[in-house]
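Here the structure of chain A is known, so what remains is to put chain B in place on it, guided by the hints.
From first to last, the protein sequence lines stand for chains A and B. Sequential numbering from 0 applies to the first sequence in numbering that gives the first Met the number 0. Sequential numbering from 0 applies to the second sequence in numbering that gives the first Met the number 0.
The hints are simulated quantities; they were obtained by calculation from the structure and are not laboratory data. Check before you lean on any hint, since a few could be wrong.
To be verified - For each label pair, taking beta carbons as the anchor points, the in silico distance ranges come out as:
| id | chain 1 | residue 1 | chain 2 | residue 2 | range |
| --- | --- | --- | --- | --- | --- |
| 1 | A | K69 | B | E285 | 25 to 33 Å |
| 2 | B | S232 | A | K71 | 27 to 35 Å |
| 3 | B | A202 | A | T37 | 16 to 24 Å |
| 4 | B | S134 | A | K486 | 43 to 51 Å |
| 5 | B | T206 | A | T489 | 27 to 35 Å |
| 6 | A | S202 | B | Q251 | 24 to 32 Å |
| 7 | B | L261 | A | T37 | 20 to 28 Å |
To be verified - Straight-line Cα separation of at most 30 Å, DSSO-like style, residue types lysine-lysine; simulated pairs:
| id | chain 1 | residue 1 | chain 2 | residue 2 |
| --- | --- | --- | --- | --- |
| 8 | A | K233 | B | K288 |
| 9 | A | K233 | A | K369 |
| 10 | B | K277 | A | K219 |
Every residue, glycine too, gets a C-beta built ideally from N, C-alpha and C.
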Amino acid sequence: MQCIITIELGTNGVRVFAFDLDGRVIGSMKGYHPTFHTEPDYSEQDPEQIFITTLYLLKNLLNEYVHPKKYKVASICFCASMHSVLAVDRNGIPLGNAITWADNRARQEAQDLRGSALGKTLYAVTGTPIHPMSPLLKIAWIGHHDKERFRLTAKFLSIKSYIIHQLTGEYMTDYSIASATGLMNIHTIAWEPDALQYAGISSDRLPDLAPIFTTAGRLKKAYQQSLNLPAETKILVGSSDGCMATLGDGVLGEGKATITIEDSGAVRVMGPTVLKDEHMRFFNYLLTENCYVSGGPTNNGGNIFEWFTRQFGDFSHPYDIESSMQQLIEEASKVPAGSDGLLFLPYLLGERAPIWNADARGAYFGLNIKHERQHFVRATIEGILYEIYSIGKILGEQRNIKSLSVNGTFGVIPFWTQMMADMFNRPVRTRQRSHSVSFGAFLLSATEMGIYKTLDEAAGTVELPDVYRPDKQRHAVYADYFAVFEKLSTRLSEEFEAISALQRKHVLPQPSLTPIKN
Amino acid sequence: MNQFVLQHGRSPELRLFPHILEVGIKKNGSIQLNTFLTTATEGLRIYCIMEGRFEWRIGQQPYVLYPGDTALILPGASLGSDNSVLDIGAFAWIHIGIQKQDNGQIQPGRWSGLSETEGAAIGKILLLNGTPVLSRFSEAGKIIKCIYTELFGNEIGYQARINHQVDELLIQVTRQMTKQGHSGRDFPKTFMHLEEVLRRNLAHQWTVEEMAALVGLGTTLFNERVKNYSGFSPINYLINIRISEAIKLLKQPEISVTDIALDTGFYSSQHFSTTFKKLTGYRPSEFRKNHLRNK
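So that you can see chain A by itself, here it is in the shape it has in the complex (with noise of 0.2 Å):
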């Protein structure tokens, strides 16, 4: 009996998932580690702590489901987070830590390509949005700020690539987190001399270049040893999270467009052409050759509905914020639609698509005299909606989609799912245990195995047993609001400038409890 094992290095977290070849679930773990925000600005994770929880849940995945039941390894695949950048020496050793896609530092590099010739060419060719959480700006960063560190650099790898360095001793890296790092041209498949140019680099000092099936080496003796697991087992470079996402919801083809609400969220397409935009409001990332995973990622997901939970929610259990959100959506249940227009504008962490406008900040509007508490809670909930609506609304404008499907954490709350079927007025699918970005891995191996003959044909077998409909009253209703929500978004934009210059301006101390300034 063979089982195909599957790692994601996440934003928060590692999970792994053991599958039997038939994609049901032997087994699931889940690790954290940790976020380090030392300068405001700053996003960076620990490499060792990534490597170590890794090894830590895949052995005791292997000792809990796997090895007691017999099963063969066929394959370990990996997908991980796109957009982190790990500097490291000529003997693989790490300088510092890693700097994950949240991080802000390039900032000014960013701004300065974004308005450039060069940056719309880049922007063409590797189909990275311009945009501090892009490689190629913050390997510019380190190399016009951290001196030190760029003359010691051997290699700017991926997370996911010391990783399977440290498993294996390659230094390899995918079509798929190689294509979000804007340094690779996504026609040509080959790192871009442009962005190598611009980044201050030579393509040595970077992984190689590796289709998404390829096995990344052989494990090191010792943990083939430590785990119990055979020479020859696989280790697959395999893709990224938006990638696997995607395809772990059969997406691809005609028509078909797929959700994500984690913390953050995005719509995306899968397809042989790539999205064009002369606003740079697009990504489109690769998963093989002539597949193009395309779409638009927004900050602000699930992570907002926390925040609004956090201040407003019932804590009569201490840190219970689960039941808290359960009771909060319970209370927003009882709002009719459109909240009885109360609007909510969530761009707390700024914003990416489709405004791609850092300065953005959020805002309620419309607020009159006889709203009450739920509508906040509601209009909450339909702000960060309208802005994924958003996203969908631009996709529409090159893809004609005509069926969705949603998974993330967020994405697959029933009071959610039914609201985006309502906003888009298309029925949405999705599964309760959503897994989605695991299960494109497991996909993915198992076409690689040869179970199925291309990765057409495996989406082609994902079912998504949960279909929300939409409800034409209520969509009418969101239409309405929807109007002047997105005016909103794109009107304030001066009031949004100037208010987060006074934020950074008048920057708080912290209230009480810290010493008082002389």
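Okay, now just chain B, sitting in the frame of chain A:
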């Protein structure tokens, strides 16, 4: 209540309570210069503001204290005000003799009803805590008044009762300290705080009780929340941090494996070696050899 002060060695009322070095209530009607002198002592001092507004320096840092605020001055830390000014107002205070161990930890003496582990945990948490001021915490003042009443009343059982009250004060102050800043709403933030303290004190032999108390939770709820949030039991999470830090140190040639073991909180190099090998498949020295070799 009138102002008073009792001092160990001078006041007969304290003869049976050698661990109470000083206790009193001060009411000050006009600003006085050169009266509130900066002092540092070996004991633990707790001040509760009842009226007025006081500008004090605690361990060099300036604080403004208002009624209901309680200041905690750790052994060795200084307390005073600029120009030794005593502002207008009233406060109660107590100065408790506390045992300082060789390893720098503090612990209540034999008079205390706290068990050795609980006493040690309280000492650890008081030492670790960043802020010396507890806001809106008037319970401490009430307990000091109760100690005063018992000291002068001499009713049956007063000796036991006073010692209970001092324990009560230590417990309340510690609980308040751990709850302050942890609203029960934001576990990621609370966990981040815990994680920072653990990293700063990695060599300490942490117990689950200490970790739970640091964030103001009982151990049962703490275990559940940590497991639910991180996927790890608190101890396993701690081991993960220890091994991750050890890996970083092993990749630098200058530190010995024994030092790494102790710095990252393992009992011995043997304990380190066993734990490390179990997780990574390598003994620490093998791991080092493998990663320091130039490729």
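Each hint, compared with the structure:
1. One distance hint, 25 to 33 Å for the beta-carbon pair K69 of chain A and E285 of chain B, holds here, with the actual separation near 30 Å.
2. Evaluation of the 27 to 35 Å hint for S232 of chain B and K71 of chain A yields a pass: the beta carbon distance comes to about 30 Å.
3. Our hint of 16 to 24 Å for A202 of chain B and T37 of chain A holds, since their Cβ atoms are close to 22 Å apart.
4. About 45 Å separates the C-beta atoms of S134 of chain B and K486 of chain A, a value consistent with the hinted range of 43 to 51 Å.
5. Judged by the Cβ atoms, the range 27 to 35 Å given for T206 of chain B and T489 of chain A is violated: they are separated by roughly 56 Å.
6. Checked against the given bound of 24 to 32 Å, the beta carbons of S202 of chain A and Q251 of chain B, roughly 30 Å apart, stay inside it.
7. Checking the proposed 20 to 28 Å range against L261 of chain B and T37 of chain A shows it holds: the Cβ atoms sit about 26 Å from each other.
8. Between the alpha carbons of K233 of chain A and K288 of chain B the distance comes to roughly 26 Å, so the proposed pair stays at or under 30 Å and holds.
9. Taken as a hint, the K233 of chain A and K369 of chain A pair is broken in the structure, with Cα atoms around 62 Å apart against an allowance of 30 Å.
10. With a CA separation close to 15 Å, the supplied pair K277 of chain B and K219 of chain A stays within the 30 Å bound.
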